[in-house]
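Student: The lines below spell out each chain.
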Amino acid sequence: MTFVDDYPFEAKLIRRSLAVAFTALGIGGLFGLIQALHRTGALRVISSADYYTVLTGHGVLLALVFTSFSITGIFTWAVTNSLGREAANKTVSRAWLWLMSIGSTLTSITILAGFVPSIPMSADVLFTFYPPLEAHPLFYVGLALFVVGTWIAGADWLLTYREWRQDNPDSRIPLQTFIVIATMLMWYISSIGVAAEVLLFVLPWSLGITQTIDPLLSRSLFWYFGHAVVYFWLMPAYLAWYTVLPKLSGGRLFSDPLARVVFVLFLLLSTPVGFHHQYLDPGIAEGYKFVAMTNTMFLLLPSLLTAFTVVASVEHGARQRGGTGRLNWLRALPWDNPAFVGMALAGLMFAAGGFSGMVNAGMNINYLVHNTIWIPGHFHLTVGTAVALTIMALAYWLVPQVTGKRLRSKTLAVVQPYLWFIGMTLMSNAMHRAGLAGVPRRTAEPQYQYVVFEGVVGGISEMRLQIAIGGVLLFTSLCLFLWVMLKTWLGPKAATIDVNGVIPEPLSGPEHSPRVLDNFKLWLGIAIMLLILVYALPLAGMLMNPTPGSPPFPM
Amino acid sequence: MEIHRFEKFWLVASLVLIVGFIATITYGSVAAGVTMVSDTGGTIQPDSFENTGFDDPGVRHIEGDRYEAYVVAQQFFFNPGSSEPIRVPAGSTVTFYVTSADVIHGFQIVDTNVNVMVIPGQVSKITVRFEEPGEYGILCNEYCGAGHHTMEGQIVVVPEDEWEGGSQ
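Protein sequences, first through last, are from chains B and C.
The opening position of the first sequence corresponds to residue 1 in the numbering used here, with each subsequent residue numbered one higher.
The opening position of the second sequence corresponds to residue 1 in the numbering used here, with each subsequent residue numbered one higher.
Accuracy of the hints is not assured; some may be wrong.
To be verified - Computed footprint of chain B on chain C, listed as stretches where at least three residues anywhere in the stretch have a Cβ under 8 Å from a Cβ of chain B:
#, region
1, 16-24
2, 114-122
Claimed, not checked - Beyond 10 Å from chain C on every Cβ pair, some chain B residues (computed):
#, residue
3, Y52
4, P334
5, H512
Derived by calculation from the structure, the hints in this document are not laboratory data.
We treat Cβ as the ideally placed atom computed from N, Cα and C, and that holds for glycine.
Produce the entire structure from the sequences given, and follow the hints as far as they go.
Tutor: Structural data, given as structure tokens:
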């Protein structure tokens, strides 16, 4: 029996979530192509003023809509599958799907209306919407509905978990549900920051109820949420690497206890690090930045541990498949299985992105890279590949299970992750190097009148060319993915789908770990205490000694 | 809880790496003197610069080789910097005070360590040393509106004996 037969309602929820996610991925990806060609001067189909409308759409559609709807799809599958039961309350499930859909539609409309001068509505404020840049009020209303929708989704999974717990009072939490709970608790304590920013300050100000806004407090609340959100994006990828990738490699997870430690660390450390996005902000004392820096460095730990466990699991799988030798086992891996290839290459790129992230975290070296194109070079490896490519890879394995249809156009599906990897290698290495030469991010123009960019390694025109070619390859890869999805989705129902959804038991199971790891009340308490330690003083300082307010500047 | 010995080794190596990073950054801050932009610039009314130094922006000589430069960032230029270059003498230590008259901007002097956010209501204070005569480009590196990509400027470091003060 496949997932869709066992859980038709949940399968439908997952299909709807993924349909929205992949639609956003298509539009957002097209915007990315337009940007890569425009800002390198390779091909221009829009004006440089419209570039920022495209950039806002790219950021919101990919970083918010694509990621979050992928997360709701994947997490719904993970909870249903690992607990082996239906959603506890289907009204709650419908509520989050609707609320998130309405919210993201509203926000998208305000952005896309920016292309049509005759519509008096625009929101060219980019993904970060820093006040006093002002978008149409519906942009913020949509965001608020969207975030509340994600909260209800979390409640949905927690309700199902509670029901399972009543029936299984002594069992350990299944790993996939454990990951979902850790992620959603982290999401609750972090997204409260952006909710406060929007509901208390930005929305009343954009509606004219308040006259001015504190720009420093607003962006500090944004970044209180803004680093945790990147881990929110990353967690479904981690879920896939921990629970699906070992199986695809031919084996099983190396250590379930270590996985639990890792996700507890993410819950504790993902949020009290936000000031590392504000290293170069005035109005924040150096000491607070230093504290955020040390926390950020310790946040490397769960990712470094993940690198070990995932590679060990993959190697174990390869040896089960007959692989031998110190590195020769790599040959035994299923390099013709698109789901495996996508996740493996995504993991490899995440390692590279992790290293450039260590540079970003280095407080004083941040002067060199802050707001340069190095930064998008970094996050196209992390969210743009580790997350996006893993989600695409997982889709090759999961979509047949939630549709009951066989994966179609398999050859194209195998080519797709390799093409993404090549495209991203070109684009990202060039972005990193251009950043070191001082080329800024978030700009429509490749050249400035007074500034000469001198490449440390390689020439600027060579870097531009790599960014443009990389962008074209990435978009081609994206089209292949969407084509495979469309063909699979619209194909006929199959009697068998060639995918076995059973996740094998780990080599070292949860029985080898202390039960305290499953005590989420304890971890949540510690996470909140850490947050109070790190954020109480600076936020109190900002409230007691506020930055003089700013009126709105409509964009 | 059982941990494989390779895993233990990896865990220890990771912790050494992390502590090593923190140590180098601490060294940079404490011993090498790389200070971060902080709250020392103070706050300011973004709509009224009277008697703040920003009502008459430009470069002033303090004493010895020390100078102050007041710069206002606004959509889409630096004053001074865009319509006329900021002139400073070679062999000078210049403390920049930068604020915004409208939205958030960036103030990045390419090829130097000067790279700060400029937030309305706040004054960004950062000090840099210019040894040799030369020219530097200034960029706004934070999106500030439809003309953001046109927001740039220039700093000209002139030989010490050619410096005539201000930003003429």
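Student: The structure should be examined with respect to each hint, and the outcome stated for every one.
Tutor: Against the structure, the hints:
no., hint, verdict
1, 16-24, "holds (count 5)"
2, 114-122, "holds (count 9)"
3, Y52, "6 Å, violated"
4, P334, "24 Å, holds"
5, H512, "5 Å, violated"
Hint compliance for this structure: hints 3 and 5 are not met, and every other hint is.
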